Amino acid sequence: MAAFSPRRFSFLLLAVFVIFSALQVLAADEDRQVYIVYMGSLVDGDQSPSSYHFSMLQEVVDRRFLRQSLLRSYTRSFNGFAAYLTAEEQEKLARHEEVVSVFPSTTYHPQTTRSWDFMGLAENVHRNPTVESDIIIGVIDTGIWPESESFNDKGSSPPPKKWKGACEGGKNFTCNNKLIGARYYNSYSPTDDSARDKMGHGTHTASTAAGNYVKDASFYGIAKGTARGGVPSARIAAYKVCYPSVGCREADILAAFDDAIADGVDIITISIGEAMPTQFTSDSIAIGAFHASQNGILVVQSAGNKGGQKTTIASVVPWIFTVAASATDRGIITKAELGNGSILNGKGVNSFSLNGTSYPLAYGEDISHECGKQAAQNCESGCLETSLVKGKIVLCNTYKGIMEAYRVGAVGSVALSDYITDVSFILPIAASSLHEQDFHVVHSYFDSTKFPKVVILTSESGRNLDAPLVASFSSRGPNTILPDILKPDVTAPGIEILAAFSPLASPSDNDDDDRSVNYTILSGTSMACPHVAGAAGYIKSFHPDWSPSAIKSALMTTAWRMDSSKVSLAEFSYGAGHIDPVKAVHPGLVYETFTEDYINMLCSMAYDNATLRRILGVNSTCPTGVQTTPKDLNYPSMTRRITTNGSAIATFLEKFTRRVTNVGLENTTYKVTTSKSPDYNISVKPDILTFGALNERKSFEVIISGKTNGWKMVSAELEWSDDVHRVRSPIVLYPDSL
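For the sequence shown, the residue numbers in mature numbering (1 follows the signal peptide of the UniProt record, and there is no 0) are -27 to -1, 1 to 711.
In short, the hints are calculated from the structure, not lab data.
What you are looking at is a predicted structure, and each value in this text was computed from that prediction instead of being measured.
Mixed in with the good hints there might be a few duds.
Stated by the list, open to error - Calculated lysine to any residue pairs in the SDA-like style (CA-CA distance at most 25 Å, straight line):
hint	residue 1	residue 2
1	365	354
2	649	661
3	423	330
4	127	165
5	628	685
6	363	333
7	197	97
8	426	515
9	65	135
10	279	373
11	137	515
12	649	692
13	628	600
14	426	440
15	135	97
16	171	477
17	671	423
18	283	248
19	628	583
20	365	408
Could you put the whole structure together from the sequences, leaning on the hints where they help?
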């Protein structure tokens, strides 16, 4: 037996201590996550913001982690930084006198031709190409495919002098006079060192907003036509913040805003969002958009794809232009022809040609040995037998069953449309998704025929007579953070939109689908958002000096009325209506929102003077003796949540004060009209506004009174007209029980 050795024991103790210390460091390191420290506007000083951020971290962060803690500083357009922190360190920084807020950097996600014609913006529409070519649209998304024909710079002059950005797209990435800038952000794990789009989403949105003319664009011949953006002569700057399997990190999103503002973009389109809304000072997009707005940049964001339920909208602040999705008058159909000659119109984008050949139709229940009856009928995952589906088209009771049919190698699938019934999606297999009535026709045929057969035809375009109709997937209000601000603001085409795509991405978003395309068809509020950005660019090309709020007002007050009987939650689905870009060039009057208007709104939300000064970067104070609420913001819509106290009948008497600016004609008079109903009464004072000059401003007061039951919303409207222009604003009152 070995003798006891003091020296050996000392080494053993030292080893244990080192291991224990290392484990402590590792445990502490694992407790860290990325937080965003928002400090408001930039301030003048001798010390650089980045150095000051590091000195702040020195005060709270364990020195063992200090060097790795600072992830990124925001120093170009606003003040703040992202850092790896523990919960305790985060709490200490939140108490710092110069900090507005500290919040976790969460992960957001992208919100996934004929559309411009549908809105009246035809190829031969009147344009102002010289000014249009000076407009720069910043696209914060999944990157961009620079070689796409939609970003061809033939005929383009050098970038405008105001451009201060750069082409930092990485290796083998080239910008031109159309795509004038590119940056990428992947601060968490910088393995993807390129602004090149691998998902297709950013390429699609960029080309929708400002893509060049591309003739005969299509998805395998489907939806063929001339692809173009709303402002084909405008420039594009791409900011990549989203990555496959990762999503879009808030720290990177805020960095993109920081750069885009300083780079000199005019409009930012961001088809990215989170699941649920948060307070302004804890929302990277709301923060970035606020500073963009203060710098004269309009930010357009998708409303989200959380469906037709109330309070699903996450884009809620008034300085963001929030866009819902709707259909155009073109729909894509995939026909299924039964063996008895019946032809049924289904949904789906099918590029696979079966050459008119009919295949045996097999029901999920009959080709499954592993699952129960209902699961087999639904073609649930793992239910279908590969050996039993060869050379057959599978009939499934659910839309998701199509993917199980694909997995086991079926020729195709006919399925019940129980998912999103108003959209045709690209699938990796020949498939037709049928409404319930037509699906029952197939079932009856299958049950009554000994050897049932079916052929699925290649997709084709058809007329959609119900357009514009809000998409079933489009997120709805009311606004849960600012209940007296109507969201969404407008709706725009977002169903089955053909636009440019990345050839590296799967058109069906399926890794096993090896098709590579330059143009594809996508649906989502993500697709609606760049339509509004392009429309805003079109207006700005005629009015380059207009503020973001003036452009937003023009698109809202000239929007098409929507049919509330065809959609749930009325204005909470479509806002002011469907945009009309051509009409919006001449709105007559605009509702402008200035810094002092936002100050009053923030004061009504209990922000104190010190916080205001940090956010705005100016010596702002809340007005004394003035009681305001967000409903008093000079917004183109008027909204109020009514407190019912649980009563079945709610009585209301609400007043709105608004201010309009004359951008139409000199020496003109506007008269007001309002909607009428036995449920309410509207009075406007004054009811006549006379303007002697352009840019003259007038104020008016709207009083609405009445009763409504405890669940019904009141949808009304107000319109000013001088017989040349019609300036319409929705008025929405709703009970707190809605």
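Results for each hint:
no., hint, in the structure
1, 365 - 354, "holds (18 Å)"
2, 649 - 661, "holds (18 Å)"
3, 423 - 330, "holds (18 Å)"
4, 127 - 165, "violated (30 Å)"
5, 628 - 685, "holds (20 Å)"
6, 363 - 333, "holds (10 Å)"
7, 197 - 97, "holds (18 Å)"
8, 426 - 515, "violated (58 Å)"
9, 65 - 135, "violated (41 Å)"
10, 279 - 373, "holds (18 Å)"
11, 137 - 515, "holds (23 Å)"
12, 649 - 692, "holds (12 Å)"
13, 628 - 600, "holds (13 Å)"
14, 426 - 440, "violated (34 Å)"
15, 135 - 97, "violated (29 Å)"
16, 171 - 477, "holds (5 Å)"
17, 671 - 423, "violated (76 Å)"
18, 283 - 248, "holds (13 Å)"
19, 628 - 583, "violated (30 Å)"
20, 365 - 408, "holds (22 Å)"
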